[in-house]
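For the sequence shown, position 11 matches number 61 in the working numbering, and the numbering has no gaps at all.
Be careful, since some hints might not be right.
[As the list claims (entries may be wrong)] DMTMM-like, lysine to aspartate or glutamate: derived pairs with alpha carbons at most 25 Å apart:
#	residue 1	residue 2
1	K134	D66
2	K121	D143
3	K109	D69
4	K52	D124
5	K134	D145
6	K134	D108
7	K109	E87
8	K138	D66
9	K135	D90
10	K52	D70
11	K92	D143
12	K134	D70
[What the hints assert, rightly or not] Simulated restraints on C-beta separations:
#	residue 1	residue 2	range
13	K138	M51	32 to 40 Å
14	D145	L61	14 to 22 Å
15	A125	R65	15 to 23 Å
Calculated from the structure, these hints are not laboratory results. Since this is a predicted model, take the numbers as computed values, not measurements. For every residue, glycine included, the Cβ atom is placed at its ideal position computed from N, Cα and C.
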Amino acid sequence: MKPLRFLGSSLSDLRDMPDDVRRALGGELARVQFGVEPSDFKSMPSVGQGVYEIRYRDKARGAFRVIYVAKFADAIYVLHAFQKKTQKTEKADIDLAARRYRMIGA
Numbered sequence: 051m052k053p054l055r056f057l058g059s060s061l062s063d064l065r066d067m068p069d070d071v072r073r074a075l076g077g078e079l080a081r082v083q084f085g086v087e088p089s090d091f092k093s094m095p096s097v098g099q100g101v102y103e104i105r106y107r108d109k110a111r112g113a114f115r116v117i118y119v120a121k122f123a124d125a126i127y128v129l130h131a132f133q134k135k136t137q138k139t140e141k142a143d144i145d146l147a148a149r150r151y152r153m154i155g156a
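Using the sequences and the accompanying hints, generate a full structural model.
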């Protein structure tokens with residue numbers, strides 16, 4: 051099992067999400083730790099090579115996302131966790147994840 055490493059405010063952002071959302075996204079990250087694909091995810095080449103977005107939708111509160119990279123042998127790096135406000139992922143969220151991706155030397 052690979053350890054999780056949270057960059058920037060990603061851990062506190064995840065902790066600030068509603069309990070059920072946090073549990074669901076935490077379960078998806080646990081799947082990734084054990085080498086299993088998340089239930090709903092997509093590649094994020096606009097952030098960097100090997101970067102993926104876990105997608106979770108709550109009927110009452112909308113869409114939540116966790117952007118991570120698992121291609122490194124030492125850890126899974128959680129780059130960003132946020133609630134989507136629009137249909138398309140905001141450029142600021144993509145840019146923040148890309149900056150954090152570069153921080154790990156990718």
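Results for each hint:
1. K134 x D66: With Cα atoms ~14 Å apart, K134 and D66 stay inside 25 Å; holds.
2. K121 x D143: 21 Å, holds
3. K109 x D69: Since the Cα atoms of K109 and D69 sit roughly 14 Å apart, the hinted pair holds (cutoff 25 Å).
4. K52 x D124: 7 Å, holds
5. K134 x D145: 14 Å, holds
6. K134 x D108: 11 Å, holds
7. K109 x E87: 23 Å, holds
8. K138 x D66: Holds. K138 to D66 sits at ~22 Å (cutoff 25 Å).
9. K135 x D90: Satisfied, since the Cα-Cα distance of roughly 18 Å is no more than 25 Å.
10. K52 x D70: Cα-Cα ~24 Å, so holds.
11. K92 x D143: 15 Å, holds
12. K134 x D70: 16 Å, holds
13. K138 x M51: 32 to 40 Å: Roughly 34 Å apart at Cβ, these two residues keep to the hinted range, so it holds.
14. D145 x L61: 14 to 22 Å: 20 Å, holds
15. A125 x R65: 15 to 23 Å: At roughly 19 Å between Cβ atoms, R65 and A125 fall inside 15 to 23 Å, so the hint holds.
In the structure shown, no violation is registered for any of the earlier numbered hints.
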